[in-house]
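*Asks:* Build the full structure now, drawing on both the sequences and the hints.
Quick note, the sequences are listed as chains R and U, same order.
For the first sequence, my numbering begins at 1 and goes up steadily by one.
For the second sequence, my numbering begins at 1 and goes up steadily by one.
Treat the hints as calculated values from the structure; they're not laboratory data.
Just so you know, these numbers come straight off a predicted model, no measurement behind them.
It is possible that part of the hints are untrue.
If several chains are the same, the list does not tell them apart, and a pair holds so long as it fits within one copy or across any two.
[What the hints assert, rightly or not] Dumping the calculated DSS-like pairs for lysine-lysine here, alpha-carbon to alpha-carbon at most 27 angstroms:
#, residue 1, residue 2
1, K211, K167
2, K66, K167
3, K259, K330
4, K85, K211
5, K48, K279
6, K279, K254
7, K211, K237
8, K48, K140
9, K66, K169
10, K140, K66
11, K48, K259
12, K330, K85
13, K292, K272
14, K48, K272
15, K292, K237
16, K48, K167
17, K83, K140
18, K169, K48
Listed below, chain by chain, are the residues.
Number of protein chains: 2
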Amino acid sequence: MRHLFLFIAFSIGVGSTAAQGQDPIVLRQMGSFHVGGRLIEITGQPIKEVVFTPGGVPARMDPNGKYQVEQMYVQYFLPQHRKGKMPLLLWHGGGLTGVTYETKPDGGEGWLNFFIRQGWDTYISDAVERGRAGWTNTFKGDPVFLPFGDPWERFRIGPPGSWNNEKDKRTTYPSAQFPTAAYEQFMKQAVPRWLTTDDQIVAAYVELVDKVCPCVVLVHSQSGAFGFKVLEARPEKVRGLVAVEPTLGGDPNKVASIKNTPVLILYGDNAKDHPRWSKIRQGGVGYAAVLKSAGGHVNVVDLPERGINGNSHMMMMDRNSDVVAGLVHKWLVDREFSE
Amino acid sequence: MRHLFLFIAFSIGVGSTAAQGQDPIVLRQMGSFHVGGRLIEITGQPIKEVVFTPGGVPARMDPNGKYQVEQMYVQYFLPQHRKGKMPLLLWHGGGLTGVTYETKPDGGEGWLNFFIRQGWDTYISDAVERGRAGWTNTFKGDPVFLPFGDPWERFRIGPPGSWNNEKDKRTTYPSAQFPTAAYEQFMKQAVPRWLTTDDQIVAAYVELVDKVCPCVVLVHSQSGAFGFKVLEARPEKVRGLVAVEPTLGGDPNKVASIKNTPVLILYGDNAKDHPRWSKIRQGGVGYAAVLKSAGGHVNVVDLPERGINGNSHMMMMDRNSDVVAGLVHKWLVDREFSE
Numbered sequence: 001m002r003h004l005f006l007f008i009a010f011s012i013g014v015g016s017t018a019a020q021g022q023d024p025i026v027l028r029q030m031g032s033f034h035v036g037g038r039l040i041e042i043t044g045q046p047i048k049e050v051v052f053t054p055g056g057v058p059a060r061m062d063p064n065g066k067y068q069v070e071q072m073y074v075q076y077f078l079p080q081h082r083k084g085k086m087p088l089l090l091w092h093g094g095g096l097t098g099v100t101y102e103t104k105p106d107g108g109e110g111w112l113n114f115f116i117r118q119g120w121d122t123y124i125s126d127a128v129e130r131g132r133a134g135w136t137n138t139f140k141g142d143p144v145f146l147p148f149g150d151p152w153e154r155f156r157i158g159p160p161g162s163w164n165n166e167k168d169k170r171t172t173y174p175s176a177q178f179p180t181a182a183y184e185q186f187m188k189q190a191v192p193r194w195l196t197t198d199d200q201i202v203a204a205y206v207e208l209v210d211k212v213c214p215c216v217v218l219v220h221s222q223s224g225a226f227g228f229k230v231l232e233a234r235p236e237k238v239r240g241l242v243a244v245e246p247t248l249g250g251d252p253n254k255v256a257s258i259k260n261t262p263v264l265i266l267y268g269d270n271a272k273d274h275p276r277w278s279k280i281r282q283g284g285v286g287y288a289a290v291l292k293s294a295g296g297h298v299n300v301v302d303l304p305e306r307g308i309n310g311n312s313h314m315m316m317m318d319r320n321s322d323v324v325a326g327l328v329h330k331w332l333v334d335r336e337f338s339e
Numbered sequence: 001m002r003h004l005f006l007f008i009a010f011s012i013g014v015g016s017t018a019a020q021g022q023d024p025i026v027l028r029q030m031g032s033f034h035v036g037g038r039l040i041e042i043t044g045q046p047i048k049e050v051v052f053t054p055g056g057v058p059a060r061m062d063p064n065g066k067y068q069v070e071q072m073y074v075q076y077f078l079p080q081h082r083k084g085k086m087p088l089l090l091w092h093g094g095g096l097t098g099v100t101y102e103t104k105p106d107g108g109e110g111w112l113n114f115f116i117r118q119g120w121d122t123y124i125s126d127a128v129e130r131g132r133a134g135w136t137n138t139f140k141g142d143p144v145f146l147p148f149g150d151p152w153e154r155f156r157i158g159p160p161g162s163w164n165n166e167k168d169k170r171t172t173y174p175s176a177q178f179p180t181a182a183y184e185q186f187m188k189q190a191v192p193r194w195l196t197t198d199d200q201i202v203a204a205y206v207e208l209v210d211k212v213c214p215c216v217v218l219v220h221s222q223s224g225a226f227g228f229k230v231l232e233a234r235p236e237k238v239r240g241l242v243a244v245e246p247t248l249g250g251d252p253n254k255v256a257s258i259k260n261t262p263v264l265i266l267y268g269d270n271a272k273d274h275p276r277w278s279k280i281r282q283g284g285v286g287y288a289a290v291l292k293s294a295g296g297h298v299n300v301v302d303l304p305e306r307g308i309n310g311n312s313h314m315m316m317m318d319r320n321s322d323v324v325a326g327l328v329h330k331w332l333v334d335r336e337f338s339e
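*Replies:* Shown next as structure tokens:
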């Protein structure tokens with residue numbers, strides 16, 4: 001039926017061309033909203049006169065009063081031909097935004113388009129204090145800015161010692177799938193992040209889950225911890241959890257409460273041997289064992305053991321991103337989250 | 001032809017429902033990218049050990065070296081049935097992001113969906129240091145945070161003196177079109193902004209225009225000044241300019257160079273009498289007169305004089321936003337930018 005629809009769409013799409021020979025994306029709706037956050041009160045500040053645009057007309061601004069803080073941003077795409085039985089939420093990692101899942105740095109389609117094309121109602125978000133969520137100077141400590149070369153080794157594009165500021169002297173892991181020519185485009189996606197805002201981020205995610213779930217949540221890196229925390233807070237809302245290289249698992253003391261939610265934990269290539277990632281992976285594997293022993297449903301997948309090689313920490317941007325997304329989608333279909 | 005297509009799409013869209021009874025949105029492609037910016041070098045900082053996630057494995061971070069700064073974010077939606085003859089770029093105002101044009105605070109469809117549905121290849125962006133563009137601590141001065149009540153009067157939802165922290169004591173202009181019950185949702189869209197970054201913002205916009213234009217650019221408020229500056233820098237690329245309540249016009253000394261680009265300047269209700277907006281409007285009207293006397297094509301429209309009443313500064317969020325967008329679209333069709 002779907003093929004018939006697409007055939008007809010192509011046949012009568014007068015004057016239009018499909019980009020890259022792909023099927024059109026047909027949405028019954030798309031939109032965005034902010035969720036969560038609270039109002040705080042600031043007092044005792046002097047009234048200012050602000051010139052917002054050089055040469056423009058000054059405005060009087062009273063900085064006292066209420067401020068909106070700690071909300072988050074969500075954008076959603078609802079395919080016309082829906083196959084997922086509940087929404088799929090894609091949560092990004094630290095120092096990044098929902099852009100993680102959009103067009104890949106090399107220009108190819110990312111996981112957002114992949115999952116929409118598979119018929120999932122897909123929700124992308126920017127966590128509290130990241131991207132379109134906005135930020136305020138009310139968080140504790142200083143924000144961290146990502147040095148240009150830092151992710152090259154920390155995200156396992158190349159092994160420790162492989163980064164070089166000279167482009168032609170950088171090296172990668174053998175068979176690395178990250179599109180290194182697009183590394184600069186990737187780094188343009190980076191945003192500052194605080195180290196003290198986990199509670200505020202989780203509070204907003206809980207509000208999001210209360211608003212749009214039951215659902216499946218896919219988390220990455222920093223949001224691994226958020227995914228498990230929100231699952232523990234709302235086990236009846238988060239029906240499935242896919243954790244892509246989570247930097248932390250859940251609370252071993254709360255595994256019994258989440259045992260009805262299937263969990264998939266994925267690791268890319270070279271995680272086992274990397275000085276830092278081997279510890280992170282071991283933490284995840286250990287947590288999975290505790291969850292399993294409590295009757296939980298958890299699969300830990302090292303991609304190389306499935307014959308999928310060369311993946312970095314940013315596997316949704318790697319050249320073979322569709323292969324990894326396909327594995328995730330199949331896991332969800334096998335658990336009847338989708339047709 | 002389009003109606004036939006949509007009829008068929010509805011007829012065979014098995015198991016799916018159109019939200020709010022509207023036609024599906026059919027895209028030949030959608031995606032995003034970052035553009036502009038540069039690399040800077042930081043030296044002399046001590047190496048840090050960072051715990052990104054409480055309880056996680058520490059990472060060594062050398063804060064010295066290069067940093068990516070001053071890029072901007074762009075998201076695009078390309079309708080299958082294209083009618084606009086060139087892309088339409090929507091640029092947001094100060095302290096906001098591209099979210100300005102997405103779903104309205106009251107949940108209705110915004111100008112992004114409106115223009116996609118009219119067949120425009122539509123590009124939404126977050127300017128340098130706003131939203132998904134990211135930001136760094138390399139800008140001069142302090143960022144400005146928008147007090148919760150400030151836009152109520154400054155954006156002409158209510159007249160001077162009408163804001164009250166108590167919800168039930170706020171007043172609006174008579175026949176105000178802003179959905180005041182959704183004011184808090186609107187304020188969740190606010191992001192910090194610096195007052196010293198115009199040059200960096202314009203530089204990135206010029207790179208965007210070089211990448212995706214010839215085009216029509218629609219600007220709002222702060223981006224009014226950016227629209228005229230980019231038009232002056234690239235008169236052959238910006239083929240049409242729609243300025244929605246620009247806080248500043250172009251350079252009166254450069255009008256001859258942009259006289260081939262039609263310009264529409266729009267003002268909402270109560271702008272003429274407002275203590276600050278009357279000055280802003282007079283600046284725009286004065287600039288338009290200079291442009292016209294040099295042979296330029298410029299229309300200044302006060303919406304109330306077209307029988308469109310009650311519009312605030314955020315007319316793309318007002319209840320009658322489609323009426324205003326329709327006026328813009330008709331102006332563009334009349335100038336043969338679209339079928």
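*Asks:* Check K66 against K169 for me: Cα-Cα at most 27 angstroms, and say if that holds within a copy, between copies, both or neither.
*Replies:* between (52 angstroms within a copy, 16 angstroms between copies)
*Asks:* Checking an output row: K48 and K140, CA cutoff 27 angstroms. Within, between, both or neither?
*Replies:* both (25 angstroms within a copy, 18 angstroms between copies)
*Asks:* With 27 angstroms as the alpha-carbon cut-off, assign the pair K48 and K167 to within, between, both or neither.
*Replies:* between (47 angstroms within a copy, 25 angstroms between copies)
*Asks:* From the Cα coordinates, with 27 angstroms as the cut-off, is the pair K211 and K237 best called within, between, both, or neither?
*Replies:* Within one copy only: 10 angstroms inside a chain, 43 angstroms across chains, cut-off 27 angstroms.
*Asks:* Reference check for the pair K85 and K211, CA-CA at most 27 angstroms: within, between, both, or neither?
*Replies:* Classified as within; 16 angstroms inside a copy, 40 angstroms across copies.
*Asks:* Indicate which option fits the pair K292, K272 if close means a Cα-Cα distance not exceeding 27 angstroms: within, between, both or neither.
*Replies:* Classified as within: same-chain Cα gap 21 angstroms, cross-chain 69 angstroms, threshold 27 angstroms.
*Asks:* Given identical chains, is K292 near K237, meaning Cα to Cα at most 27 angstroms, within a copy, between copies, both, or neither?
*Replies:* within (20 angstroms within a copy, 60 angstroms between copies)
*Asks:* At most 27 angstroms between alpha carbons: which applies to K259 and K330, within, between, both or neither?
*Replies:* For K259 and K330, only the intra-copy Cα distance (21 angstroms) is at most 27 angstroms; the inter-copy one is 57 angstroms.
*Asks:* My question is about K66 and K167: at a cut-off of 27 angstroms on alpha-carbon distance, are they close within one copy, between copies, both, or neither?
*Replies:* So K66 and K167 pass the 27 angstroms test across copies only (12 angstroms; inside, 48 angstroms).
*Asks:* If the cutoff is 27 angstroms on CA atoms, where do K48 and K272 land: within, between, both or neither? Let me know, please.
*Replies:* between (56 angstroms within a copy, 25 angstroms between copies)
*Asks:* When no copy is named, should K48 and K259 be tagged within, between, both, or neither for a Cα gap of at most 27 angstroms?
*Replies:* neither (55 angstroms within a copy, 38 angstroms between copies)
*Asks:* 27 angstroms Cα cut-off: does K140 pair with K66 within a copy, between copies, both or neither?
*Replies:* both (19 angstroms within a copy, 26 angstroms between copies)
Of the numbered hints given earlier, the model fails hints 11, 17; all others are met.
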